[in-house]
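Hints given; two lone chains; assemble the complex.
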Amino acid sequence: MAKKFGIVLALALTASSVAGITSAATDATSVPRVQLVGMRRITQDQYRQIIADVFGKTIKLGGRFEPDQRDAGLLAVGASQVSVTASGFEQYDDMARAIAAQVVDEQHRSVTIPCVPKVAQAKDETCAATFLGGVGRMLYRRPLTQRELADEVKIASDVSDRLHDFYAGLSMALTGMLESAQFLFRQEVANSDASDPSHLTLNASSKATRLSFLLWNSGPDRLLLDAAEHGELDTTAGLSKQVDRMLDSPRLAAGVRAFFSDMLGFTAFEGLAKDPVLYPKFSARVAADAQEQTLRTIEDLLLRQGGDYRDLFTTRTTFLTPLLGAIYKIPLTTPDDLPDGWVRYEFPQDADQAGIITQASFVALHSQPGRSSPTVRGKALREVLLCQKVPDPPGNVNFALVQDTNNPAFKTARQRLTAHRSEATCAGCHKIMDPIGLALENFDTTGAFRSLENGTPIDASGEIDGLKFANAQELGKAIHDNPAATSCIVNRIYSYGVGRSATKEESAWIHTNLAKDFADGGYGIKALLRSMAISDQFYRVTKPEIRAEIPVSSRLAFEGEHK
Amino acid sequence: VNLAAQLGRRRVLRGMLGGAAVTVGLPFLDCFLDASGTALADGARLPTIFATWFFGCGLNPGRWEPKTAGKLVDLGPELEPIRPYMSKVNVFSGFKVPLDGKPAQPHITGRIAVQTGIVAAAGQKSALPSVDTIIADSIGTKTRFRSLEVSCIGSRSSESVRAGNIMNPSEISPAALYARIFGADFRDPNAAEFAPDPRVMARQSVLSGVKDQLADLQGMIGAADKVRLDEYLSSLRQLEQQLDLELQKPEPLKACSVPQKPVGELPPNAEVTTMQTNHKLFVQLIASALACGQTRVANIALTEGLSTLRRSGNAVIHHTHTHEEPVDPKLGYQPNVTWFIGTIMGAMADMIATFDGFREGDRTLLDRMLVWVTSETGYAKVHSTDNIPTLTVGGANGRVKTGQHIQTAGDPITRVGLTVQQAMGVSVNSWGSDNLATSRTVTEILA
Chain A
1 MAKKFGIVLA LALTASSVAG ITSAATDATS VPRVQLVGMR RITQDQYRQI IADVFGKTIK
61 LGGRFEPDQR DAGLLAVGAS QVSVTASGFE QYDDMARAIA AQVVDEQHRS VTIPCVPKVA
121 QAKDETCAAT FLGGVGRMLY RRPLTQRELA DEVKIASDVS DRLHDFYAGL SMALTGMLES
181 AQFLFRQEVA NSDASDPSHL TLNASSKATR LSFLLWNSGP DRLLLDAAEH GELDTTAGLS
241 KQVDRMLDSP RLAAGVRAFF SDMLGFTAFE GLAKDPVLYP KFSARVAADA QEQTLRTIED
301 LLLRQGGDYR DLFTTRTTFL TPLLGAIYKI PLTTPDDLPD GWVRYEFPQD ADQAGIITQA
361 SFVALHSQPG RSSPTVRGKA LREVLLCQKV PDPPGNVNFA LVQDTNNPAF KTARQRLTAH
421 RSEATCAGCH KIMDPIGLAL ENFDTTGAFR SLENGTPIDA SGEIDGLKFA NAQELGKAIH
481 DNPAATSCIV NRIYSYGVGR SATKEESAWI HTNLAKDFAD GGYGIKALLR SMAISDQFYR
541 VTKPEIRAEI PVSSRLAFEG EHK
Chain B
564 VNLAAQLGRR RVLRGMLGGA AVTVGLPFLD CFLDASGTAL ADGARLPTIF ATWFFGCGLN
624 PGRWEPKTAG KLVDLGPELE PIRPYMSKVN VFSGFKVPLD GKPAQPHITG RIAVQTGIVA
684 AAGQKSALPS VDTIIADSIG TKTRFRSLEV SCIGSRSSES VRAGNIMNPS EISPAALYAR
744 IFGADFRDPN AAEFAPDPRV MARQSVLSGV KDQLADLQGM IGAADKVRLD EYLSSLRQLE
804 QQLDLELQKP EPLKACSVPQ KPVGELPPNA EVTTMQTNHK LFVQLIASAL ACGQTRVANI
864 ALTEGLSTLR RSGNAVIHHT HTHEEPVDPK LGYQPNVTWF IGTIMGAMAD MIATFDGFRE
924 GDRTLLDRML VWVTSETGYA KVHSTDNIPT LTVGGANGRV KTGQHIQTAG DPITRVGLTV
984 QQAMGVSVNS WGSDNLATSR TVTEILA
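Which chain is which? The protein sequence lines are A and B, in order.
Number 384 in my numbering belongs to position 384 of the first sequence; there are no gaps in the numbering.
In my numbering, each residue's number is its place in the second sequence (first place is 1) plus 563.
Pulled out of the complex, with its shape left as it was, chain B reads as follows (with noise of 0.2 Å):
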């Protein structure tokens, strides 16, 4: 967004101050959208939609990768949680994040790598915006909101960094998501009655008057303010899109339906149960905004890259027994981290289900998504930032052909990043930098 692109030197309100008519849509009948609910009267599709899901420490090398390359027919026995939905998921294995000879930084680099292409030097982060944000400007501004965050285990950061490394604040709480998204500022998409509030004009102009102040700025700001304060402009519009919504009747969605408050939330930390609780609620929010037409990109974080997980009763986390605890020698694994992994798995299992649960007609929510899986980190306990688990599921609205194993022998593991986001519509050829810089698309997987 530029700032100067924006702001004239107009100081005409907006809206009913500035005396202009109001839009509003006209009333939108049930007969409009096709039999089945999927797509509207014109033909047009219901919007793709994007969402990431994060996680925390990895999988054990070995136990995860399915054993054949291609179609999908078998998955490592730390994926069996997922087995029900094979057909509806691409795993990728034996991508890497060749570090151009920079040190790895423990649970950033690999994280870094995979969310904005490039090894960040050594002590310092990445200023290049996530591919979740890149997406989200490129499919996400008609929405009320740009994108949703939410984290489970009750961190306020995400993985969503916007240019000049801003990050988008997670929700730790799905009360209060709730109430962001379904409060009173929700506008039912099947509701009959429909009523502009003349407050909301009143709002706009204001948001007008901010915005305008803002060119008193031009010209003795330097440059890396300024990406801040094009970021606030950003920020700004995307308010007044809100309000622009609430002044116009919203296309029916016939499987939207609003959702009851959640309940049975518990306070935000990292003990497993909790994690489980809140994430499964956080997911049903996150479907029915979706479905409900509120955004078109989810950012679910359900743990930190050094995941803090743990275990009621029991001294030490995740992220620790990962390096502390001794491989069983019988079992050719760490037992404890094997335990987290579990529950992780199965967290990522319940995802899948909630969103493949919501019918939208003949289809499922799943299908217009593409859910990017991702965490930071190999094998955790050596901090290896080769072969980090990747998968994606959903079909993307008929983008994106799944039910396959995408094996490779240390390709660089921003093919998969570039390849989402081309999945997504967005006009890129090649993503990454230095040895991540990539042009070649996972072409298998697109349609």
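The following block holds chain A by itself, in its conformation from the complex (with noise of 0.2 Å):
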């Protein structure tokens, strides 16, 4: 088959240099035996932001994608269990329509097609092979084998022949790449490993996508994959330049906010809302405002200040907006030039708030539609933040005490949860959940301050793993000073980078090695990252880890009984 198409290929490498795009394809056959240990559904913003990459954020999207899935705490874990279903497929095709048909319309070729056709009405295998090879590489993740540019350069012409227009060949060709597997799965491919033949190893392309997608939340750019075709990852040298110049690019912010998106569970804002009529202030604009309070929050102490990842739970600095400051109750004036309508605020040392624990995204996040419930909140620090998983509750309880507001004996939330926790067989969870959860009980369930519940004053002081506190900011303070932040978020965003939870072998290098080198760069983002991305154990998989059993999403990951 590849040498029928010697022709169309020899024509596309020549086409490829003129237009810049280095080694469009290689030869299939000289491709070692490889398995595959990893198949990726790229997230929404992952395709979002490919799609912007590739052909520039003027396309649109035009369609709906099916939900991405939790587990392990991850979206990127549950990405490696999910598949494409049959609307999923339905409105991947919708989408790759719209995009190709846009990518190839008359306002936009001259910029995202690098050749012109030698007629308009015709086939020209040419420019057809320049062009999808050059998309096809960025797309796919790796060059396109001759056989695969050779088939995507027959539909291109076959289609500008019978419908005598070459964009609308070009446009067909690009519509299947875009619901190819290729290019919906991060496809991990792995050869053995010289040094060690009880481990694989990524093959160049893979290592230059997990990389990219760690670090940019995309795929690889062009000069990755030109380093990683010219073998240059496979050098400790070679690898560290580019983790240097990506973790120095501007899109290292939109890689951060990404995994803090995930690790926080951003996407539970898609279906939260509030009871309009007890808490009309907020609306899905405040939801939106209130994670990006967060991220703008992270990104400016992790990245412009370069700060200690545990200060997120102690620090005044914070970003606002007057939606958010009606929440708040922080009387907010944006400055006309300030045209993004954000303003840096600090809260002063007596404030209520301190730490992205009690801004809205966390404690109006773990809420009920119409109350806060310490429970909650108690179980997403514990899960979420310290990596510590909370039972689920037994089954034939009686909640009778519960929250029951109408008991004149128990008005607060801590009255009735003490009752509950007399309950012998809630109060071993309970105990571990509520004394934290409590501490934010000034906070109601939209992340507005209150200081009684009931007309009786809030006590918000509790002990958290024997440390006592007296209010949300000790309890901040705790967080801070507690071991069991820094490493769950090490091996959060090590599962996050290869898409699974760490083995037991994993375990013990992320502890000695990881953690130490994040302790030992002040606990700061880019040196974790740093020494993940340049490390041989980030791209290496033990071969039983090879997965042969059906795999388990838990797609009610978050859909616990504590609602």
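To be clear, the hints were calculated from the coordinates, so they are not data collected in a lab.
All C-beta atoms in this analysis are idealised placements derived from N, C-alpha and C, irrespective of residue type, glycine included.
Incorrect hints may have been included.
Chain B residues, not near chain A, derived (Cβ > 10 Å throughout) [what the hints assert, rightly or not]: (1) K630; (2) A632; (3) S996.
Label-pair distances were calculated between CB atoms; the ranges are [stated by the list, open to error]: (4) B:A1000 / A:V34: 35 to 45 Å; (5) A:K389 / B:K705: 42 to 52 Å; (6) B:G988 / A:T503: 42 to 52 Å; (7) A:G428 / B:G664: 54 to 64 Å.
Right under this line is the structure:
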């Protein structure tokens, strides 16, 4: 088959060099025996980012995604377990056709297509190969094989001739690429590891892909693919050079934001509503601003200031919009010269708010539509920020006392939960959730501060892992000092990068190497990312790790009892 | 769907690109239908349709079950809204989910057991397919949509789960569902004119190329990823099926009338009025889609298992009420919980009325439907998985006898799932795992 298209390929390669696209095709027969060790569906955000990166920000998607799924606390892990359903495929098809039509339309083609056909009403195999080889490499995150390119050129050419429209042919071939498994799934391919027969190592383009999604939440750019294809990622110096380039890029912000959005469970904002009668100030816009507030806080502290991750739990510096100001009861005037409507804000020393756990993105997300929930918040704090699993509640429990707000003896959540904890079956778990959740009771379900509940003063004191605190700020300090907080993010970011929970062997490496580098680097996020990205471990796969059993996704991970 | 079996190393492009002739169905005249419009001229009936209707947090034990077994002559007060349709429903009470010594995962164990026939181990979900997907794979592969899923409270998740725990996502907006079914790709079966679009043939060849590329992954993929890739391929084939249908003149369907775009939809959330409004719009759209032959399987989730329904201005959601609200000593039940139950059962009556109000000749759409109504919990207050409320609605084209109360003293609930599959023509003799395994059909309802 490859021979049959030899002429086309020769033309394609010539055209590629003209267009500045290197190595548009490689010979499939030269690929060594390899194994697919991971297949991770790209997330909605990644899909959007890739389309913007490859075709420009003016391309509209025009479709809906099927929901991403969360496992082991991360969508990045769930992505290794999902497939594409029939309705999901319909949507990918709609999007692919809409995108492809825009890419070749008159408005975009001068930018998106690096050549002009000899005749616009007929096929032009050279130009088609140039375009499809170039975008194919970006979309598949590796060069197309000779056969793949030949097939794509043939589809484009046949359609171009039949419909008497060169661009219709390109559009059809591009549509196919955008709905292919090669694009929709990050296919992690590994070769045997020469130094260690018990392991496999990702091949160069899979390495580049893992690295790029970790740091930029998108596919590799041309420079990274070039480095991969020239074998540079297989040397310490070559890999370090690329990692440092990427860490210095402004695109790092998108990567860091994506990781924290995932870890903090921000997809749950999609369905978040508060009762508009009880909480008229809360709206979808407030919910969006609440996420953005936290992401701006993180980006500022960790990237702009190069700060300590632990300070996220104590920082008084944040960013607000007038809508958030209304929730927090802070009158804000937005200066006219701030076009995006955000202002940097410093909470005073004696303020009630400090750190991201007192922000609406945490206290409003982990609440019920009509009221706060110390149990939900305590559970989230344990599971999301400290990576400690809280067991499911048992069956056959009488919940009658919990939060029966009409009972005159139990006016506050603390009083009601104390009664509930008197039941032995409940005490064990509630003891690890409620005392820390109660510390946030000064924040209602929208994140607004309050000092009374049903006319009774709120007592926000408690203890976490033996450390006593008086209020939310002191709880933030306790989390800042809790070793579980730093070990949690180190484990999460590793899982995020490799798309699965760490194995025992990896956990040991994480503990001795990654966690140490994180501490030595003053708990800076860049130090952590660099340590991981330049390590051999990040690109290795233990042989038995190739999953043979049917995976069990936990689409219900956030659908537990405590709602 | 077996990947290897489907993929040759075929690199020939199909349809127009391969130079093959296009098959266009001959014009179908109304005289090919029988006088009543309920069957094709050769006597074959319009196809049987399957639907599920799911709600969370169960019903109050003792308040929904009919008092007498056998012929349905009475209903518990909570089923009162469906009294007008007593002759078209079956009620199943007293069935159990034996836990096999495994711990119950609240709101999860019951649902997985009902839908997939297994009690999942602690912290695990079932990797088995839900009944609706088994049925869809049997009867849904020739229609535009293998199945349609909707959620009336704005959740994209659904109860419809394929092998490997791959979940069919729900539509949450009636307008979006309308666009998907009756948008640009819809072919009106009763339209006089039919002209196949050459671009559809080009799209077919593109999909064929995408499918061929999958062959490159053969031999380098592990078992778990193969399940996922098979699912991807199966979804691709469903789109190919849609395109095939776009190139054929559809058979006329008298009862099919293209509905207007839905009006009055509310931004999806779990507030009760919103749920009621969007549920009605969804059911009307699904009825039209079924009558127009677009699908044979529909999954309607009124709420999630853990019902987050809420009443405007009230701080406590349905689920929380089930656990916290004291039983009123005079009434003998939880008044707020029972209020939510009333809205849910009212919605069920709306659903039945809509399907039964859709005339197809001298019968109704409901007459060729089997709607399986389930929840995930019996008595939600204590997370019981015993006596989970279960009904079937509709006669499934005469395959199911209706108007009965099937009462057992703790039979596994999988008996109902098995019977539903058999009624829909799935070739299965036994279903379920461990103590949920059964080969005992509920023969009383099979015609």
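Can you give the numbers of the hints that this structure goes against, from lowest to highest? Number 7 only.
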